[in-house]
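Whenever a hint applies, use it, and build me the whole structure from the sequences.
Protein chains: 2
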Amino acid sequence: MNLRQVILLLACAGLGAGTALAADAIREDFKPSTLNQPGQAFPQVNSQGYARFRVMAPDAKSVAVSLGLGGSGGTPLAKGEDGAWTGTTAGPLDEGFHYYHLNMDGGTFNDPGTQDFYGSIRWESGIEIPAHDQDFYALKDVPHGTVHQVLFASKSTGSIKRALVYTPPGYEKGRNRYPVLYLQHGWGEDETAWARQGHANLIMDNLIAEGKTRPFIIVMTYGMTNDVKIGGLASFDVNHFQRVLVDELVPYIDASFRTQADQKHRAMAGLSMGGMETRWITLKKFDVFSHIGLLSGGTISPEDVMGAPGFKEKVKLVFVSYGSRELTGNNPMRVGNPREITESLQKVGIRSVFYVSPDTAHEFLSWRRSLRELAPLLFRD
Amino acid sequence: MNLRQVILLLACAGLGAGTALAADAIREDFKPSTLNQPGQAFPQVNSQGYARFRVMAPDAKSVAVSLGLGGSGGTPLAKGEDGAWTGTTAGPLDEGFHYYHLNMDGGTFNDPGTQDFYGSIRWESGIEIPAHDQDFYALKDVPHGTVHQVLFASKSTGSIKRALVYTPPGYEKGRNRYPVLYLQHGWGEDETAWARQGHANLIMDNLIAEGKTRPFIIVMTYGMTNDVKIGGLASFDVNHFQRVLVDELVPYIDASFRTQADQKHRAMAGLSMGGMETRWITLKKFDVFSHIGLLSGGTISPEDVMGAPGFKEKVKLVFVSYGSRELTGNNPMRVGNPREITESLQKVGIRSVFYVSPDTAHEFLSWRRSLRELAPLLFRD
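Those protein sequence lines, which keep their order, are chains A and B.
Read in our numbering, the first sequence has 247 at position 247, and its numbers run on one by one without any break.
Read in our numbering, the second sequence has 121 at position 121, and its numbers run on one by one without any break.
Heads up, some of the hints might be wrong.
Copies of the same chain look alike in the list, so a pair counts if it works inside one copy or between any two.
Result set (DSSO-like, lysine-lysine): computed pairs, CA atoms no more than 27 Å apart in a straight line [as the list claims (entries may be wrong)]:
1. K161 to K140
2. K155 to K173
3. K61 to K79
4. K212 to K140
5. K161 to K31
6. K155 to K140
7. K264 to K173
8. K161 to K212
Just so you know, the hints here were simulated from the structure itself, not pulled from any lab data.
Next comes the structure, spelled out in structure tokens:
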């Protein structure tokens with residue numbers, strides 16, 4: 001994958017919401033989205049996955065929602081007699097989380113009905129289409145871990161940076177040391193994405209409660225992916241972030257938390273641009289990280305491994321995943337056949353796992369499921 | 001203070017932004033507000049405290065900002081030839097944090113230039129007028145504590161609730177036990193307010209770095225203040241929140257963190273409606289809390305104490321504070337003379353401190369300063 005492909009990928013990101021065509025009649029069982037602000041009735045979602053929007057703006061000239069079926073360019077709203085603009089998507093959206101905004105009177109605004117989530121280098125509106133398998137990231141009455149906000153000094157950038165740190169249930173009162181997964185967001189997002197949009201903490205709480213994964217710490221920080229605007233990615237230099245991550249954050253975490261502070265017990269994974277960062281950094285820093293996850297963020301090939309002497313002796317797992325809709329059509333991210341590339345790592349002696357999230361695109365349900373699949377594979381050696 | 005006064009107070013909250021009249025010429029040294037979204041040039045603030053807004057919406061019929069001088073009803077924006085609506089406040093705003101929103105085409109929207117903060121039972125836009133004393137809540141290169149997000153089961157409400165917990169620098173690696181302050185937000189806000197709008201964690205980090213306060217834990221949770229809408233406060237029953245706080249959260253915190261788990265080392269404080277909750281709860285539960293802080297949230301009088309046998313033997317401090325602008329004019333919150341009432345507690349043998357934040361209203365700079373004044377007074381006995 002080259003930089004032009006990266007840029008094309010980013011330009012395509014977010015277009016994947018729903019590709020099914022409307023066929024059945026729309027069921028009138030719409031309910032408020034679970035992400036709505038307290039007391040807000042709209043946006044709503046029905047049992048088929050249609051989304052309905054309602055925005056009060058009697059004097060507006062035009063209001064449209066950016067979210068719609070793939071390639072549709074969004075969902076236009078129409079004004080009713082009460083001055084509210086309403087509209088329903090032309091078909092069911094994919095299950096899971098979607099970013100969107102309002103295109104209103106020539107400007108870009110958020111839907112006052114729902115909460116905001118940082119994506120596309122802006123706080124965007126969010127809506128959740130309940131997934132048939134949503135139980136694995138649901139808030140349940142199980143022992144819960146803690147998400148910590150920590151502030152660490154970054155000398156290389158001359159700033160104080162923030163990281164969010166998940167510790168498993170029992171960490172506070174216990175004495176155990178834990179392995180650590182460094183988990184990166186995508187372009188346009190920040191360190192809040194994995195906990196808020198991704199529910200990484202709840203996924204871990206539930207997996208741990210079911211005995212499906214070894215408990216470990218997750219560290220999420222800002223990947224500096226937005227310091228260049230889209231189109232300017234050719235100037236992106238991963239070394240800046242690598243210094244913050246490897247030389248500043250890893251030592252801070254090892255000094256501040258009860259970690260197992262060695263390569264065997266340190267993993268790195270990321271989604272989209274965070275997956276690319278993971279690939280770039282771990283191909284050089286395999287003396288720091290032993291387990292690698294690329295979620296909708298490219299592959300590591302046997303050729304890559306040959307170019308990184310020592311990698312195959314030190315790395316214990318390469319996990320690669322995509323949403324199924326990323327594997328069809330014209331996706332510049334898909335260079336060759338990612339499954340074949342990933343599985344061919346086995347032939348050069350590297351344990352590799354390829355996972356496909358059913359019926360999802362370049363969006364967070366793909367990545368929630370990928371974390372669910374990745375976690376049990378980590379730190380087993 | 002009775003419920004009608006409470007309701008009037010809430011109706012008046014947020015009107016206090018700036019009361020000075022414009023006199024000098026406006027200095028053209030506007031800079032982006034520190035709360036802006038990444039890369040956003042507007043809103044801006046100048047060195048006098050004027051705020052200037054700019055919103056792109058070429059086809060809008062009208063755009064106004066809710067924020068303006070006290071009683072002005074906001075700041076109208078005018079459309080320029082480029083389709084952007086701009087406007088400047090009629091005078092300097094008070095220093096500190098202000099909530100606002102856009103009134104646009106008959107609807108309520110947020111300013112896409114800045115971040116959102118939960119207030120008024122909605123995510124509102126926020127702007128920060130740099131305060132002359134902002135150093136005490138600045139992000140500095142000192143040892144930083146951690147803000148934890150914890151999830152606890154609440155049987156009385158049949159739900160899983162969230163709390164944010166500040167632990168002082170060194171907590172993770174140390175063995176010490178710490179006192180705990182339970183710190184409540186105001187009406188329309190939630191458990192995020194004190195850390196985000198209030199910078200409670202940074203205030204503590206800075207006080208601790210300067211040796212000005214004993215390190216302690218701060219616990220912030222949702223005070224259920226919004227479960228009734230404004231005007232319906234007559235139905236507010238503090239017992240629901242008291243059960244969550246005293247019977248569920250306090251035991252959870254004492255079981256999960258290294259606390260000094262006794263009345264002597266447990267405080268409660270709150271702002272506005274959170275101050276009223278503090279007052280109502282501590283007048284009954286003085287066997288649970290020894291130090292009390294009411295920030296723009298009423299007073300405790302000698303008469304109150306007489307009605308609560310045992311209170312004066314158990315309570316070590318009553319701290320009361322207001323913004324100076326709350327002590328003038330027609331403020332229904334000010335029943336009698338709060339300074340006199342608070343100081344008269346000394347006569348019945350209760351240590352009391354009254355603090356006034358200069359040139360601020362019912363807003364967060366009053367409460368940031370109040371926390372700075374309160375923290376050093378806690379857990380000294």
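Each hint, compared with the structure:
Taking the closest pair of Cα atoms, K161 and K140 come within 27 Å of each other only across two copies (11 Å); inside a single copy the shortest separation is 31 Å, beyond that limit. Taking the shortest Cα distances, K155 and K173 sit within 27 Å of each other only across copies (23 Å), while inside one copy they are farther apart (32 Å). In this assembly of identical chains, the alpha carbons of K61 and K79 lie at most 27 Å apart whether taken from the same copy (9 Å) or from different copies (15 Å). Taking the shortest alpha-carbon separations for K212 and K140, only the intra-copy value of 16 Å comes in at or below 27 Å, while the best inter-copy value is 41 Å.
Within a single copy, K161 and K31 get their C-alpha atoms only as close as 39 Å, which misses the 27 Å cut-off; across copies the closest is 23 Å, which meets it. Taking the shortest Cα distances, K155 and K140 sit within 27 Å of each other only across copies (13 Å), while inside one copy they are farther apart (40 Å). Proximity of K264 to K173 under the C-alpha cut-off of 27 Å is found in both arrangements, the shortest distances being 25 Å within a copy and 22 Å between copies. For the identical chains of this complex, K161 and K212 are inter-copy neighbours only, at 25 Å across copies versus 33 Å inside a copy, given an alpha-carbon limit of 27 Å.
This entry satisfies every hint, going by the numbered hints stated previously.
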